[in-house]
Amino acid sequence: MIENASLRLAEPIVPQIINRLRQAIIELKLKPGQPLSEKEIAFVHGVSRQPVREAFIKLAEAGLVQILPSRGTYVTKISVKEVLNARFVREAIECAVVREAARKIDPPALDRLAGLIEAQERAAASFDNVAFTELDEAFHRAIADIVDCDYAVRVVEAARTQTDRVRHLSLPEASPFLVLIEQHRDIVAALRAGDPLAAENAMRRHVREILSALPRLAAAYPAFFEDQKSLPELQ
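The opening residue of the sequence shown carries number 3 in my numbering; numbering runs sequentially from there.
Derived by calculation from the structure, the hints in this document are not laboratory data. One or more hints might be untrue.
[To be verified] With a cut-off of at most 30 Å between alpha-carbon atoms, the simulated DSBU-like pairs for lysine-lysine come out as follows:
id : residue 1 : residue 2
1  : Lys-79    : Lys-231
2  : Lys-60    : Lys-231
3  : Lys-31    : Lys-41
4  : Lys-83    : Lys-31
5  : Lys-33    : Lys-79
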């Protein structure tokens, strides 16, 4: 559930509540299908119900909660179809970005990527899922920075809303830390070699990791998923 923590009163309240609930949903502190109490969340944050209600509406627009009239608000289950659609978008954009990055890479950018991989190794050693996934996001943003494409970053981050919960659920069981780190190393090796095709292929393998993890996760946590009819094509 949401931790009891004070909001920053000098800043807008609703975005803070949205960010806290969104993070709790992505990190699975709020489980797929779990009911959300407007009254409880308002109490925890020391606010009235109105900003919580507004936060629920925004989260519903993002596909993270479902508001059912006269029944309540629930964390949405993980839609296999939406995850597959998001993966498709990520693959198209990130493969194009890394291909261009291979043509523009420079030593400082390579050093930054290598440093992020080292930090991921430390996070993996301590089984820190949250730090590991934050570093994964930083790694992909760093590649986009090489080609100076903020729009690509925004589109990918929007798509990740649908895949982030699967990623948290999969670590470290279905997608071992070391597998993902090795995939990052392969991407950096291709960038260092200035090989656009190798970089694209390495990124494609990395982004498609979710395709092998998804059927196992849906089988292990069936109550968390919907649209499971899409799974047979992955197996």
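Hints and how they fare:
no.	hint	verdict
1	Lys-79 to Lys-231	holds (14 Å)
2	Lys-60 to Lys-231	holds (28 Å)
3	Lys-31 to Lys-41	holds (18 Å)
4	Lys-83 to Lys-31	holds (23 Å)
5	Lys-33 to Lys-79	holds (8 Å)
Comparing the model with each earlier hint shows no violations; every hint is respected.
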